[in-house]
Each structure stands twice: as C-alpha cells, then as structure tokens.
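Produce the entire structure from the sequences given, and follow the hints as far as they go.
The residues making up each chain are set out below.
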Amino acid sequence: MRAIATAFLTSLPAGGHVSLRLSRERSETIRVRQSVVEPVVRDDDFGATVVVTEGGGRGWAGTSDLTPAGLQDAVARARQWARASASQHVADLQAYVPQSGKGVWRQTASKPWQQTSVSDKIALLQAADTALNASDRIVDREAALWHTDVETLLVSTNGSDIEQRYEMLVPDLAATASDSNDTQLRTLGGRGVCRQGGLETLDDIQFLSRAPDIANDALILLDAPSCPTANMDLLLAPDQMVLQVHESIGHPLELDRILGDERNYAGTSFVTQDMFGSYQYGSDLLNVTFDPGVQAEFASYGFDADGSPAERAYIIEAGVLKRPLGAHLSQHRAGMAGVANSRASSWNRPPIDRMANLNVEPGDQSMAQLVAGIERGVLMRSNTSWSIDDSRNKFQFGCEWGQLIVDGQLTDVVKKPNYRGVSATFWRNLSGVGDASTWQLNGSPYCGKGEPNQCIRVGHATPMCKFSDIEVFGGAA
Amino acid sequence: MSRIQQHFDDMMTYALDQLTGKEDLTAWLSAESSDFVRINQSRVRQAGHVTQSNLSLRLVNSGRHALQGLTLTGDADSDKARISGVITSLREVVAAVAPDPHLLLCESAESVIDIGSNQLPTAAEATQVLLDASQDADLVGIWASGPIHAGFASSWGQRSFHTRHAYHVDFSVHLSGDKAVKAEHAGFEFTPQDLTDKVSAAKIQLTKMRRTPVTVRPGDYRAWLSPAAVGELVGLLAWDGFGAKSQQTRQSPLQRIVDGTASLSPLVSISESPTSGVAPRFGSAGFLRPAEVPLISAGRHAGSLVSPRSAQEYGLNTTGAGESPDSLTMATGSLADADVLRELGTGIYVGNLWYTNWSDRPAGRLTGMTRFATFWVENGELVAPLSVMRFDDTLERMLGSELIALGNHAPLSLSSDTYEKRSTGSVQLPGALLRQIRFTL
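So the protein lines, in turn, are chains A and B.
Numbering-wise (our numbering), the first sequence opens with residue 24 and increments by one.
Numbering-wise (our numbering), the second sequence opens with residue 3 and increments by one.
Read the hints as simulated data drawn from the structure, not as lab findings.
Idealized CB from N, CA, C, for every residue including glycine.
Among the clues, some could well be false.
Derived Cβ-Cβ restraints for the label pairs, each shown as a range [to be verified]:
#1 129/A / 80/B: 23 to 33 angstroms
#2 299/B / 227/A: 48 to 58 angstroms
#3 209/B / 34/A: 50 to 60 angstroms
#4 359/A / 97/B: 53 to 63 angstroms
#5 220/B / 57/A: 37 to 47 angstroms
#6 460/A / 78/B: 50 to 60 angstroms
#7 124/B / 254/A: 56 to 66 angstroms
#8 452/A / 97/B: 55 to 65 angstroms
#9 21/B / 110/A: 54 to 64 angstroms
#10 110/A / 299/B: 53 to 63 angstroms
#11 24/A / 114/B: 34 to 44 angstroms
Derived coverage of chain B by chain A (criterion: at least 3 residues anywhere in the stretch with Cβ under 8 angstroms from a Cβ of chain A; other residues may be distant) [what the hints assert, rightly or not]:
#12 66 to 72
#13 362 to 374
#14 408 to 421
Structure, rendered in structure tokens:
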C-alpha cells in the first residue's frame, strides 16, 4: 500500500489538490445452519479513491485498477469532473482548502481472528447451532461469524499521510420457532451486536451461552399473547435504542441532509441550521455524544476520510441541540462547526457525512430502579422493524421481545411489540436513563444513504432508557 | 470481444490451468465503468467515475467447497498473481470443511453471450441537459451511466457473458420542506428532449404542491397507489417473500398465501421475468434463468424463487438465481390513467410510498410513509398536497379485499439502486385503486 501511494505522489502532474485513499478490506464469513456448515466465503476488496479539487470544481474516481496506469487514469477522470463542475458546483470551492492530517491509528485485538483456525471457528459455530436446536418447533436456526480486516492509507498533495488499521466482528445467532398459528424469530440482536476487535468479542457477549436462551425465547414468544394496544411507559433496551438513536437523532442531524443533498433519496430533516444552540431536542436527561474513540465500538477511528482527527463532541447536552454531524466540506458550506465524520463505504464511493459512533451517555438509574418506577408499561428488546418519514419525524419501530411491567414488576412476555411516535416530541418524553451498568456497545453494519448508495457501519452505545406515555401496540388480530 | 470480456476469458483460462486432481472451479464476474453525477439545488454536488471489476471464485473438491472474492486490476500479470493466491487460500479452506450436502453445481457447458450495444452519450453532455432544464427549479438527484458486465465461467466449459450500456436519472424537484415531485428516466438510448420533457412535467406537477397542504386524521381512506407506490410495497416483499427458503421455514410474509389459508385479489398476478429488464439470463452459479417464474397467479401462490442451494436442500427445481427477485412484473388491469382521478373520487392520490417495513411479518402487515407528490382528492379533482402520513395495513387488504382495480399499463422501471454496484434490477407494475388504506399517524 505504501509503495503504491509513494509512486502515485511521485508521478503526479502538477495542478490542484489531489488526494489518494487506498482501502483494503479482507473479510471471512462462516455460517452453520441447521447442522450444515455453509460454504466459507472470503473476500479481498482492494481499491483506491482519487479526489481532485481545482479551479472551483471537484471530481472523484474510484478504481480497482491499482497499477500506475490505472491510477493515472483515475486522476484524469477525477480532474475531468473537477473541471466540468467548476462553474456549477453547489459549494463555493474557489477558496476551499481541503483538510490535511498526519497520523497512525491502529486498534489491536486481544484474540485476533487469524490466530484461530477455520476448523476451530466452525466447531464453535456447530456448538452454538446445536444449542439453538431446542425443540421440533425450532424450524430454522443458524450461527455465524462475519469478520473484516480493514486497512487504509490516505495521502495528498497538501501533506496528508494517515494509516489506519483495525478488525471487526459481527456475530449472529438466530432461531425461528413456528407452529400452525404463528412464526417467531429471536436473534442475538439482528447483527446489531457488532464490535471492533477479534474473537474476544465472543467472550464479552457470552456468545455460546446465549444460544439456548435465544432458542427458548423464540419458543416463549410463540406461545405469548400479542402486545396490548395502549399509551403507556416504554422501557427500551440498548439493542432497540440502537435504531431509535440512529433514525431519530443521527439521521436528522447529518449536516448534508440539512443542506439538502439527500432530499431525493434518504430524505430531508426536520432540523434546520438555526436550531443548533437553542433547540430543546429532548428532556434534560438526554446527552448524546459523537465519539469515535470508544474502545471496541463498531465505528471507531482516528481520522475521517478527509484526514480530520476524530474527537469526542457533545451533539445534544442536557436535551439542547449543540452541533450537527457534518464534516469538513459541509462545515465550509454551512459556516458552522461539526465533527470528523466524512466517511465512504468503500473505495468505490466518495466520502459524505455519516454518523460513525453516536452514543447516549449513561444516566443514574439501575435497571431495577427503572423498572420500579413504571406503574404500567412494557420493556422492548431487539429491533426487528424500523420505519421513519422523509424528515425523520414520524416513526414506527417493532421489536422481537416484549415484557409487560405492572406496578414496578416485570410480568408477562408479549410478542410483536411495536410503538410509534414523532421525533420532535418523543425525546422530550425521556423520563429515565440507565446507569453505566445498563450501557452496551451495539451498532449496525447496514446504514444506507447517499447517491450513489453507500452502506456503512455505525456504532451506537446506549443505556436502557425509559419514555413516558408512548403509543404501543401488537400484531394484527 | 470487449477488453473486459477478453480479460475475463484470459483469467479463466489461467485459473483453470491451476486446478489439480479432482478440483473444479466456478467464477462469477461483476464489473462496471460508471459515471455518477450527484446534483443538489440544480448544481453539481459530487461528480465522479468508478471502474471496478469483482471476481468471485468457488473451488470445489469432492463435494467440499469455498468461495473467495477479489478485485481485479485489469492487468494480466497482477491479476494472475492475485488469482493464484486466492486458489491457494481456497485450497486451505476446502481441506478444512466437510462435504456440503446442499451443494448444487451447474455442470452445463452451454454459454449465453448477450452483449448490448452502446448508444450512450457522455455523462457530461447528458447531465448538462439535466442542469439546463432545471435552472429555474431546485432539482436534486443523480445521473448514472456506463457499461455493466456480468460473466460466468466454470471448469465444465461454460463461458457466459452479459453487457448492458444503460443510463438512469433519478431526480426530484422541490418546493420547500418535504414538498417535492419525484421522477425517473432510464434506458439504453438517450434523447435529450425526453429528459427535458420529464423535468418540465415534474415542474408542472410541482405547481400543484404550492397549495396549502391538507392534513387528514388517522383512519381508512380510499386511495390510488401509483406504479411507484406499488413498487415500494412489492419491493418489501422482495426481501424474503418469494424465496423457497423463507417459505419452507415459514418466515415469508406471504406464508398464509403459500399455505392456501388466505389469498390476494384475483386481479393480482406476479411473476419474475428476467427477460423484461437488464439482468443477465444466467445466475451467479451459472444456471440459466427461466423466461418467467409465476409467483402469484390470480391471487394465489403459484411458485417460488429457488436458489441452487434451496433446490438441493428441499428437493425442488432451481429457478437459476437467488431468492430475491430482480425483474418482477405484475399483470395489468383495466383502469386507464385518464380515469384514475374520476374513479378515485374522494380520497388520496399516493405518488410515492417510502420506508416500508413489517409491523407483523407472519400476518403480512406492513407500515410505511407517503412521500413526494401525494394529494388529497375530492370529487375527482386534486385539491392540495397531503401532509405526510403513516400507513399500517396488511397485504391481504391492500392487494386483496380492498383492491378495486389495477392500472391498464405497467411501465418498465429500471432500478436506481447503486449499493456497491449499479443494479440490473427492474420492475413492471401497474398502479392500484384501493377501497381503503389504513393511516395511523
């Protein structure tokens, strides 16, 4: 990688600002389903993104041709687009100076993936698959591991030189229970339990020992009544808070959405630039940080794709909106401070504003205290359905697991728990925030946005959270 | 033979020469050379180009197998070195796994060569047409164009290759906030005036969005769903509704239809028809795809999409590709465009639905939002745009008991999906007139 970058900079003709971002992702997926080891799938995805900024225009090119001729062609194509866009770019780029930075960021795993043989990983998954096989009513089950090793190098004509390397793991367990009346799925968290690091993640989340519980949960759900329809208190577990934070805080605060870039695809935002600094987004219990430095969280990094150093920042503090999720170019366009969140899904897509790690800070209540404070409510775990409007306001979410709370006690399990609300008012109903003992690292490998489309990894660490007077409901009659 | 096809052929010759003993190999190529121009406020937001070539190799030995993907540079020496390394890596994995009881290989040497002609303009020329046509508007969207290639090769002798030179413009013109009109324009031969006309039509429709929006209370409303809105419903079904595995494991949202305990309207017939779009006629495992796979016929289950793996697992015949459709067609009905507002009478004209998801999958109940040009209609006249509403209803009602009529034409809509690569998917769906759709928020 270093040799390619050095040769690139050496041979580059003069003119404008040019950056080269080399990206290599080596992945391996191992899955055991219904006692059968599915084919191991590996991938070695290696390519480059070239960005040229000159004369008030900007162009980019992504290529898997990493030969000198291939990279020269990429520069020529990016330059061609920079020139073609020079007089009609949406941003004023005449005085824009692209970001630069230097540094090395590496994350180390205590149990690196490569140090365990394929055979041993298969044996682990076979044990998990066997543990999921709890009943004849379990009609489908699988255990899987998806590992990715990421290596990037950013260099530029204004001195950027940033190396980053990390590995990540997405474990998965799923059991489907079915009878003649219904089918119920229970999972580890729908691939939401994803972390940077190696196989130590499996120890942290008690991967193998959770398999029988997941199968048993699916069977319990099959026999459970549907969630009641009523307005009541709602206690959300961290593996549902992931989606709640992601959809109704993260996306509406992305600065490129606020600037209109996403209006044709991912949507606009009910948030406008003038709301930062004063808008009461939630109750005073709500504290949200952008924090790419959390050890093992899924979207941690040292520098974003522009080369901006990643730093923790409060996005919402005591319920008040503080700053948007906007990177260097968006900050230039909007004339306001943001964060280091310029990210691309791969070398074949240009960087745009993304969430990265967006976390809810812990409060001061234990799980027992949160439950004890609810007279009539429902606990929901593990997201299974998500939907929100164009402006990120009217939402509806569904979970795998529900459990009623009556007079401060967890009682009956209910299936198909759903709830709906409006972002602009929902967070003001936040009435209890769990302490650090309830705080969990989760995330998603599947955040979609951008034209051309980009699917990227995000991290969301949150505690248990209680919301008052929420519309909840169950399945179809 | 194009450069990319020749390179694929050369690399396969090299790869097959590396095999020893009882080894077999299959290969799937996915490649494109695409221009993407992203637009905001009728100005360029991001403009660029992607050259990518991804090869997936499957090494098989005595029923044991593994797969590995890699990016190709296009340079023979570099790519041979990488392919050699991948085969070595695959040998290590294959030695560590047991024979796969669900492995089904295509051992046919029959090849399909289907190379479309290139009638495309340069992306710079075409996007200038778009920018010029929208200077008095606030247009947001993307132009994508260029060749898309797929190839399959195997040690049994198949060397299939597919190329299409397609373009796609997906755009919306905006008034303020979420008030906007969406349109698309796609194909293989580009006529500037056609795109200008599309933009003009969207701008004219946008004038109707200037009226003060109507906000309706949650409840049941008569509604017309445009073909794009029907596409959003059917698109959700495409996740796992039609696949053999989801149906065999009782996870399909169509399970009650599959079981025969419920049905959709007799008006509803849905097929997978790969010859109608831009998708290759062969799948990534080398099997030829039937010209049509009936999935729903007159409201009843008619068939499933069966991957080679599910075919082996469940004792079915494979339909040649994966279990998510990429070329869905729906039979048309009798309602002409000119009669839609009159037949709707009073209710909601839904231009687009968005962000659909299941609220009760086993019951086929789904939720989603209205978006873009959605109007309140009274006595056959558009009154005003509708403030966005959430629906939560079942397929058995929306495409069953509450379905009054289907439109009499189903426009071909090429997918604008560009996750990882440009999609070769398409749909051909009519609009639908519903007696009721249930709005909840």
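Open item on the list: Please list, smallest to largest, the hint numbers that this structure does not respect.
Closed with: none
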